[in-house]
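Put together the whole structure using the sequences plus the hints.
According to the numbering used here, the sequence shown is numbered sequentially starting from 5.
Hints in this document: simulated from the structure, not taken from any laboratory.
Have a look at the derived ranges for each label pair, beta carbon to beta carbon:
(1) E175 x D57: 30 to 36 Å
(2) D61 x A270: 53 to 59 Å
(3) N468 x P80: 39 to 45 Å
Listed next, the in silico DSS-like pairs over lysine-lysine satisfying Cα-Cα at most 25 Å (straight line):
(4) K183 x K152
(5) K320 x K298
(6) K73 x K90
(7) K312 x K236
(8) K73 x K207
(9) K338 x K298
(10) K488 x K471
(11) K235 x K287
(12) K320 x K287
(13) K208 x K320
(14) K208 x K53
(15) K281 x K298
(16) K320 x K241
(17) K474 x K424
(18) K287 x K312
(19) K373 x K329
(20) K226 x K338
(21) K137 x K474
(22) K320 x K226
(23) K183 x K154
(24) K474 x K488
(25) K226 x K312
(26) K477 x K424
(27) K194 x K154
(28) K154 x K195
(29) K183 x K207
(30) K321 x K287
(31) K370 x K287
(32) K226 x K298
(33) K194 x K373
Computed from a predicted structure; not experimentally measured. Where is the CB? At the ideal position from N, CA and C, for every residue including glycine.
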Amino acid sequence: MGMGNTPILILKEGTKRDRGKDAQYNNITAARAIADAVRSTLGPRGMDKMLVDSMGDVVITNDGVTILKEIDVDHPAAKMLVEVAKTQDEEAGDGTTSAVILSGELLKKAVDLIDSNIHPTIIAGGYRLAATKAQEVLDGLAIDVDVKDKKTLKLIAETSMISKSVSASRESLADLSVKAVSAVAEQNNKKWSVDMDNIQVVKKTGGSMDDTQFIQGIIVDKEPVHPAMPKKIEKAKLALLDTAIEVQKTEIDAKIEITDPTQMQAFLDEEENMLRKMVATIKASGANAVFCQKGIDDLAQHFLAKEKIFAVRRVKKSDMEKLAKATGATVVTKIEELSSDELGAAALIEVRQLGEEEMTFVTGCKNPKAVSLLLRGGTEHVIDEVERSLDDAMSVVAVAIEDGKIVTGGGSTAIELAMKLREYAASVGGREQIAIDAYASALEVIPTALAENAGLDPIDILINLRKAHKGGKVHAGLNVYTGKIVDMMDQKVIEPIRVSRQAINSATDAAVLILRIDDVIAAKGMSPGAGGPGGAPDMGDDTD
5 MGMGNTPILI LKEGTKRDRG KDAQYNNITA ARAIADAVRS TLGPRGMDKM
55 LVDSMGDVVI TNDGVTILKE IDVDHPAAKM LVEVAKTQDE EAGDGTTSAV
105 ILSGELLKKA VDLIDSNIHP TIIAGGYRLA ATKAQEVLDG LAIDVDVKDK
155 KTLKLIAETS MISKSVSASR ESLADLSVKA VSAVAEQNNK KWSVDMDNIQ
205 VVKKTGGSMD DTQFIQGIIV DKEPVHPAMP KKIEKAKLAL LDTAIEVQKT
255 EIDAKIEITD PTQMQAFLDE EENMLRKMVA TIKASGANAV FCQKGIDDLA
305 QHFLAKEKIF AVRRVKKSDM EKLAKATGAT VVTKIEELSS DELGAAALIE
355 VRQLGEEEMT FVTGCKNPKA VSLLLRGGTE HVIDEVERSL DDAMSVVAVA
405 IEDGKIVTGG GSTAIELAMK LREYAASVGG REQIAIDAYA SALEVIPTAL
455 AENAGLDPID ILINLRKAHK GGKVHAGLNV YTGKIVDMMD QKVIEPIRVS
505 RQAINSATDA AVLILRIDDV IAAKGMSPGA GGPGGAPDMG DDTD
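What follows is the structure in structure tokens.
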């Protein structure tokens, strides 16, 4: 049989394929759409987004990573930009919007270069050179910050919150962030590290944002198991038990036969004795508060109450770990081995009423390695946004302590990097220099977006910023409230170096990855009736 014009199908029917420039343009357009979605949230004058999911739940935020996590992104290239935001959030805790719009801008500049017939590989190479150079320049711009410099750390926290809806209460919240992070920061071989898991965040509606408190200890979302137990214990000695205060059941299926009533009574008395013994052991250790991860028998509750021992049961494992870190207690798995050495100490344990619920506050711990923040706000949406803002603030304080270096914000660092990259481009031979130049222009999207969101003329602002930096004003940035170019160090607008460093890395990686794709082969999900046995073949418009 002759070949004729019979099409040869190599790919599965219904597979869609884009090649060459089509594939590149499609990917870049999708990625830029994501960047444009968050662009208007950048800076103090940025707006918020309201996101409603399929269940009707509402999230109101201007946090880049939250927006991108909440929207259901389908396009593979667009998903890469969502990954940029997630990585930025995990590594630096802030700067997610900046990282995403920088990726979008790098791709936008790349389109112009592809149109001028510059090969994507050359653009990618130039972008890589530019990113490496930008990191060098960034290190040169960095200012050292010390862990003891609480004032500077507070300013870093304030800068991260200035663009959030909590900015009115940012001073008190920044103060709380620095207190919480400083409390859990640990030093190993002269290097500082902060484990954010040691900061417990408890949300309770009611009150206002300013009622948010820092607790030098832990809040347990439980109340005492017995009404006769004390509601307040000073100079508390805590026993943390990872075992039930109950009579142990046998491991194997056992049958106990009781033949006369006295045996029944003896059996019950023995159960009671065992529970009395457990409570006596707890009392003998000197403990006056018990936090139990498992259950507490009704009778045991009664004995504990008689001994005036405060007890809560079914405490979450994570709360038990934090209690151990805050009070210095050891979690014990066998009650008979409980001794005074395993107990933790706290100045006060008290039950407080919050709204309709009672919660246990373990406070006044000496040098705790785990602390709590109690967030308050008028509605749940407000509290959620307070939590996101505090999370960003604590993350930037943590990375500033870990890296010990900061740079200025307000677009000043981006403009300085752009200027230095243009000088560097001139010294690089070949076509790569065009890509490095494009990279420099892309960095200017940060001050441009800040100006646009503030309703200012971005071109005028850029010209003035460039002029200031040419004149040696390294920290010159945009004051979005006045529209003036001012020194960001004087304005106290500062952020950890890791925010900029990670944004450059993630944005470059994503842009290069998307640029190097020249063929997209998308399999078609088999729907009933589309091709396959018994179904008519799906004659799509793709005859390639």
